[in-house]
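Undergrad: Sequence:
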Amino acid sequence: MARYILFLLLCGNVMIKSQSFNIDTESPTVFSGNKRGYFGYKVVQLKADGFPWLVVSAPLEDGTLWNKTGAIYQCSYTSETCTPIIVNNTLPISLGLTVATEEVSARGLIVCGPTYSHPCEENLFLNGICYIFNDKLHVTEEIRPSYKECVSGVDAVILYDDSGSITSDDFRRMQHFMIDLIKNLQDANILFAVVQFSTEVRDVFSFQEYQQRSFNPEKAILQVPHTKGRTHTPSGIKHVVEKIFTADRGARRNTKSLLITITDGKSNDEEVTFEEAIGAANMKGIIRYAIGVGSEFVSARAELETIASRPENVFRVGSFSALSSIQAELAEKIFAIEGIQQTSNSSSFLLELSQGGFSALKTLDSMVLGAVGAYDWSGGFNMIHRNASVFINVSSTSSDTRDSYLGYAAIHVVTRGKNLYVVGAPRYQHIGRVSIFHQHSSNDSWMVKQHIQGEQIGSYFGTELCSVDLNMDGNTDLILIGAPLYHKPGTGGLVHVCILSSEANFSCEQTMRGIGGNTFGRFGAAIAALGDISNDGITDVAIGAPLEEEQHGAVYVFHGRQQGFWFKHSQRITSSLLSMGLWYFGQSLHGLLDMSGDGLTDLAVGALGHAIILRSRPLINISTSIIFDPPEIPMDVVECSRMMHNKETPVVTAMLCFHITSLSHGHSHRDLRALVKYSIQLDIGRRDMEQPRLMIQNMSSDTTTVGTAESCFQKRIYAPMCLEDFLSPVQLRINFSVTGDIIANTKNLRPVLDPSINTTLHTEIPFQKNCGEDGICTSNLNISFLRLIELMLRPGLPLMLTMQLNNLGELAYGPRLQVFHPTGLLFRRASVLQPSRVSLVCDPTGNLGNQSEWSILCAMKPPVLREHSQAIFQIIFQTIGDISWGKSIQITVQAESENENNSTLDDNRQSREIPVLEEVTVIIRGLESISYLNISADKPEKRFLMHCYQLENLGHRAVPVNVTFRMPLQLEASFLWDLDRNVSVKGENTSCGTSESLRTDSQDQSMQECNSPFCRMVQCKAQVLAQGAHITFCFGGLFYSNRSVQLKAQKLSMNSEAFLTINEMKYFQKPEQKFHYAKVVTEVEVISPVSILPVVLGSSIGGLLLLAVMVVILYKFGFFKRRNRPENQDLTDPGKPSEEQSTTADPSLPTPQETPIDS
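Letter by letter, the sequence shown follows residues -20 to -1, 1 to 1139 of mature numbering (1 follows the signal peptide of the UniProt record, and there is no 0).
Hints may contain errors.
Said to hold, decoys possible - Cross-link-like lysine to any residue pairs, in silico, SDA-like; alpha carbons within 20 angstroms at most: (1) 1050 with 772; (2) 208 with 179; (3) 27 with 116.
Rather than coming from a laboratory, the hints here were simulated on the basis of the structure.
Using the sequences plus the hints, can you model the full thing?
TA: What follows is the structure in structure tokens.
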């Protein structure tokens, strides 16, 4: 059986999409301890006694915050238990604040407690203690790096000038000043030594001699001769530092060192410089006083301040006789030299607050222990190499390092066989700095090679450092510098990626950060290189952000790449994923060893009260193959023209196979299995609204378990209907996801699919081609125009071309049409009228080497035309611009296919001439005329009636126009309009002719308003109506009634009309009917005479009747009764009611007629 086989190994270069990669969060191993003791502060993977261990510190255990002893534990992954590591320490040192192991082999353990506070007289010193462990985790050595012993008492050296500028008398006065000073202080815990200097340096007596009971310091001083040499002050200071302040000369170990220098002039020493001498004195912590005698030091005080520890330690007197005046003050200051001491112009402390062991680094043959509090917290570090220790700092050479905290973190860099040490100073100038130290080739001293400075104040740049060997060739490729307090909106912490160049210089161009919205997350508080957990041959790293997720914490995993890391993290592990309510998850990280025994590097994470081991998951790859039987879809079961097929019979059977393989190097488990969920989609290239041509008979989605052996599944594919498109292959897509099954005996560890693997498979199923016995299809196309309409030259107006493409041969591959057209036509769209489910995709190809002809190329989709079939297309153009084409244009269509012989190409090309119509805008409208006439019915008079029209050209070109007018000559009631046969025309190049006709039903239907049986038709022709020109036509005559007919009152309408026409073979006008027709209407009203006598009589009688009714009504209401008022009404008793006030008359009163009149 012929088979079409596609095998695809899915290992494409796809960007990682998943937030969860191969650090397992489902089954973590958790060790719990005392939260108050801060169990989990540091976690370190250690190989000891042949087993991997997790060392966990609890620096506050067995004490309070201010009295902490600290403890460390060794935890076993196998037993999931932790046991204390025995350290014979009861001091409050916070043991476990620093834990380190050898950074390559994970062997050897250093544990430090840098908070050892011990009293010294009235002060407290803050130092550190470190413990070195062997392979059995037993303490083999205790180290106190940068430790400052408590100093009690003073060892004082008087260094006096013996130069020739001092006279003998002054020399004796100076000797007696020294004798008196020693006598005044002989009861205190002070030892003296005296040294004389000039050109040569001479010891008068040492500390050892001074302590002898029989020794007389006065005698020893007075017997020394005055040599009178040159003033070599630096040589004298250097001699005292190197030769006198030594144990074999009687200097005590735990006492303060004091140097008093007496001189009368500036130094002229050419062998030793002050910088060399003072530097040696500072290294031994010697307190220095300077006494200048004479006038020379008025202008040269700077030299005295150089000799002294600080400016206030300078005394100046005018002469040797005045030395006695400062003796008491000097003695008082010597008594007061206790506690804090000044050793240089820029430093208040030496190693009293060094906090040695604040950081630790272990290499194969060296150790580095940071001391952040040394030299006024400028910091430094102890380099211990082959039992030799040297303290390295930069405060002696730089004055701006105070409070820098150098030694906060330290890492080892190897490049081309050379060793570099990178040390962080996160508080340098408040922005932080990282210094790179290298060993000088000539004298083996350690010097600064490069400084890398931070960017933001308070970011703590240099808090955490990590050295990364990307390609694992033994050479460092880059370092990571953490700035966990870096702050920007939405950003809390930053890690700088600094690439190491071939010249051993670092350039920091890339940064890494956590997700947004964690302004106080402290991203970069912990950084650990993990090795190659992604199986791409490049080291990966983990970065902690312990205050993200509202202080619950998170850990980020970044995959390495050439010259750096991917900007996007591959995995973000939050404490909530572990479901244990962790706090500060990610405060410590370490990832060097395989803790679980599966051959893969595991990650150790510290949290408050917990230590967690997160395992790396083995990576797997999945291989997919698919087989189709038959390899091509048979045409006889899917063509619509053939016999209908049985829908229950599959047209193709697909065999889908999966198997997985392990990608992780060193992984020891072979029995790997995974759950595969897959879905199959057919005909994915179809448009959304189209139904797929093929369908899967059984389930298109399924779930199955596969292993390292191949697993196969059969899927039957059928066609639900006959197919129009059987040329383009059916595209098939398989999407699948892979979930690893639990590996036996691994505490629920699951493999994980490599995220670079593509989980989408694309393939296609082709159709069988019916091309005869020879298997070669030859087409035979011809093209013809079906319908053409006149091209109307107007911007935006469409031109539609309809064409028929016939295939007289076999199956045509890639049929297409090329349409050639003149400039000025813009292609709009193309469509297929027949058959359905076929489309035409067109692309304008531009001009063909000249500006007058352009073309478009249209291809059929699907790209096939069946044998002995046809397709009908419609292509629509739109005119653009005002282009003069002449009377016609030519359109040419050419049909092509990929498989037609040259011998049949004659009928593949057709051309047609299309007439061009010019657009015009001509209107006819009625002008203001007599719109109303009234005529008396009994005495009709003749009235003049006129109708006027105006013809106007509103277009852009001159055009000839014909206008037809129809005028009614007779109306009902025998009204006549006696029109003048001469038409009044105002315009040029216009002629008119008249004719009279009887209206019949066969008249022109475009003119319907002549409402008279007899009408006059006037036809006018404007030879050329120019652009913007107009012509006025007026028709007038007497309007009257035939007297032989009796008129009656009525209303009539006199309507005339006009209609214009143009040459439609040359011009067009849109819209055609709106402005081509006009009419004028006159309303005629016949009025009958009215008699007024009945109206007058009726009105008079009605008025009299109305008056009578009103009189009766008024009489009934007493309107006509008269009432007289008495003349003497005003003399009436005002207390009695008047006639108007009373309704009853008093009979005792006289009536108005009886009232006498006073003469």
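Undergrad: Run every hint past the structure and note whether it holds.
TA: Hint by hint, here is what the structure shows:
Of the supplied pair hints, the one linking residue 1050 and residue 772 holds, its CA atoms being roughly 10 angstroms apart against a limit of 20 angstroms. For the hint pairing residue 208 with residue 179, the CA-to-CA distance comes to about 8 angstroms; that is within 20 angstroms, so the pair holds. The straight-line distance between the Cα atoms of residue 27 and residue 116 is roughly 10 angstroms, inside the 20 angstroms bound, and the hint therefore holds.
Violated hints are absent here; each numbered hint is respected by the structure.
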